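Participant: What follows is the residue order along each chain.
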Amino acid sequence: MNDLPAQISLDQWAERYRQLCDGGLREPWYGGPLARHLADGDYRLLRLRYDNSAAALRLWNFLLTEESRLFKARQEGKKIIGTMKDLGTVPIMAYSLPNAIAFYPDGAWWVPCIMENTTRDLRIADSLGIDESFCPVRAMLGAFVACEHFPQPDLLICSVGATCDDFSAIAQRLASVGYSPFWWEIPHRRRPDPDEPAVTLPGGFAAPVSQVAFVKGELQRIRRELSTVCSRELTDDMLAAGIRVANRVRGMLRELRQLVFTAPRCPLPALELLIAEMLAIHYCSDRGETLAVYQDLLDEVRRRVADNQGLFPADPARIFWVNPVADLRAMNLLEECGGRLCGTEFLFCHALDEIPEDVSPMDALAQMALADPMVGSAGDRAMRICNDARRLNAEAVLISRIPGASHCALEGRVIREMIESELRLPVLELEVPPLSDAVGPAIQTRMQALVEAVRQRRAR
Amino acid sequence: MSVSIAYLSPFVPAEWIEAHGLRARRVEAEGGVSAAAGACPLATAFAQCASDRDAVVFTTTCDQMRRMAERCCIDPSRVFLMNVPATWETAGAFALYTAELRRLGRFMVRLGGIAPAAQQLATVMREHDIARRSGAVVVDGGTPVAMVGAPLRREDRWLFDCVNHAGGCVALDATEGGPRCWPAQFDERGMAADPLAELARKYFLTIPDAFRRPDTLLQEYLQREVALRTIRGVILVRYLWCDQWHAQLVRLKESLKIPVIEIDLGGQDHDLPRIRTRIESLIGILR
Ligand code: SF4
Ligand code: SF4
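First to last, the sequence lines map onto chains A and B.
Going from the first sequence to the numbering used here is simple: count from 1 and add 368.
Going from the second sequence to the numbering used here is simple: count from 1 and add 1462.
Just so you know, the hints here were simulated from the structure itself, not pulled from any lab data.
The structure presented is a predicted model; accordingly, all values stated were derived computationally and were not measured.
Here a beta-carbon is modelled for each residue, glycine too, at the ideal position from N, C-alpha and C.
Mixed in with the good hints, there may be bad ones.
Rough simulated footprint, nothing fancy, chain B against chain A, three-plus residues with beta-carbon under 8 angstroms [as the list claims (entries may be wrong)]: (1) 372-381; (2) 452-466; (3) 527-533; (4) 579-593.
Below, a sample of chain A positions facing chain B; criterion: calculated Cβ distance under 8 angstroms [as the list claims (entries may be wrong)]: (5) Leu496; (6) Ala537; (7) Cys776.
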């Protein structure tokens, strides 16, 4: 069997799957050929290119079976906690309880893409007044109302305050049609005054002690609510254990990212890395399995790096990617245009940082929540991106704008200006719609121009 | 001459600024049409207008305004970004708002203001209360409609004339800056006990707005006022890219059960005839 890394189509996966099975592939219960997900309406899979490893197959199968996992958990009597917007903090609390499972309804963000607009979600959102001037997360509203894609949660927990207007408005609309989110406040993270007691947060930002205390108070409210809904007291010990597992997950992902970004030959495509990063936010509804998926990916990537195997022709342009992309196909496009990922900031870098274990669990979680790049200033976020891009030897930065997102217009400009002035790197700002086929050639041309700019700089 | 503090949000109490001996200047924004795609023209206009003031207070009441604080061309030491919690039903949120007022106070002291004695603050509060209650507008004639939404820029004031010319009258001005955004009347006992706490209570716990979570204060206010004034239709004014108010459109149609039209502000001048026609049509239907 040829085990050299390659990107293959969904059709090619059929043959590859047979090869892997013949070679003794062992799969978890959610395993199987990738093409079977077409029957669920995941038509975008036909347009994507995939890494050909068994580890990547497991990753994709894990991602695409979340819905059935959630329904299974419900049947088993687990409490389903819908966590909204905070990206990373509340799921750690929920998973610390033995009878709870957390997921992000926000994940419906990708439904219009994956299912190629074949669902009712967007039409329902439109009818409720949440039209395409909002970010693609509006699909979540339709998904709730249509009772599709996930079971109705036992508890919905939504952060507001220093969040995007899109999400806040959509969550309120959800409340107006009969859902009752448990609102909690995440304040705008500000720089501490000169004489004010301050804390350095995971990831390096600073925040006043008073803000950490406030967020801790908010998380205490969530803790009480979770304890009530799950009929189990959520103790400090349980939370500390939950944080330890989260740190294991994050540690594995950090190593994976480091290898992918820095190996001389790219050992994992951008698309698979994006999906791997997403798992860290809420474990794709199965914490233990997330660790196993990461382990497989790490083993594969370590092996490829040790054997100096990789994808793509020689020396692709090293691109740092900012913001998640509404159409997964865009990640493939970057590589088809001669680029490779050398760093990412998909809006949730706080969900990848190590959580402190030398303070009380609630303090640690409060610090983590405040470290969210989206709750601070665009300048802070831009600075972190600059530092990471410098450290990872980026040759260019691509900022993918999210259609309708309230933060993109101003934030994109701040990030661009800082990168241009501090790093003097080419920057491309690009809006990618959930289905980019119609504008694909234009996106491709602009990505090619970015790669060309990198090549010209190398030649100088 | 004392320092003047520019602000726009109704959650910045003018009483608190004036009690510090500074001038409170609620900016009537203008311009902002050249806002970047995706940027709210109102937030852009406010940042532009505030750029030549002594100091400016932005609020975190929406994402666009929060981020605009970074783009204001003024010495950053003269920009104050005030955290106004979106949640309002918890003791923690109220305490945060009060703490932010105190932090604003320290900011003003750095600019030359003087921390007020309780009595002094109470006096200013009483003066503002009287001024607010004495400004009742009498409206009669024409089909009663409500104007609801974001604050109007100077160049958007023609909307009121447009309503009148079409045979209507704005019997409820629920745009930001109108009575919707006034705090409830201060309580004498509350002021005697702790004027700052009373100020925070009335501002934070009674002003309805679209960004608040939940937004029940806004819904209750509109239902009450629409019934009281026998309002027949609603003109929802919303700036391009404003999610908070845009999301209210269908919501208000459902809850108020009267015709609601949405007017997009901050676009191009050639949109104006279309806006006029839509207002005329609404009032024509309601007559
Ligand atoms: S992509 Fe941006 S606008 Fe959309 S929900 Fe996420 S943070 Fe909000
Ligand atoms: S109009 Fe809307 S987006 Fe603009 S500042 Fe007001 S609330 Fe924010």
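Participant: All the hints need checking, so say for each whether the structure fits it.
Facilitator: Each hint, compared with the structure:
1. Counting residues of the region 372-381 of chain A whose beta carbon lies closer than 8 angstroms to any beta carbon of chain B gives 0, which falls short of the minimum of three for the stated coverage.
2. Judged by the Cβ-Cβ criterion of 8 angstroms, the region 452-466 of chain A is not covered by chain B as claimed, because only 0 of its residues qualify and three are needed.
3. Under the rule that three or more residues need a Cβ within less than 8 angstroms of chain B, the assignment of the region 527-533 of chain A holds, with 6 such residues.
4. Coverage of the region 579-593 of chain A by chain B holds [criterion: at least 3 residues with CB-CB distance below 8 angstroms; count 4].
5. The interface hint given for Leu496(A) is met, as the beta carbon of that residue sits about 6 angstroms from the closest beta carbon of chain B, less than 8 angstroms.
6. A distance limit of 8 angstroms between C-beta atoms decides the matter here; for Ala537(A) the minimum to chain B is near 4 angstroms, and the interface restraint holds.
7. With its C-beta approaching chain B no nearer than about 6 angstroms, Cys776(A) sits inside the 8 angstroms limit, and its interface hint holds.
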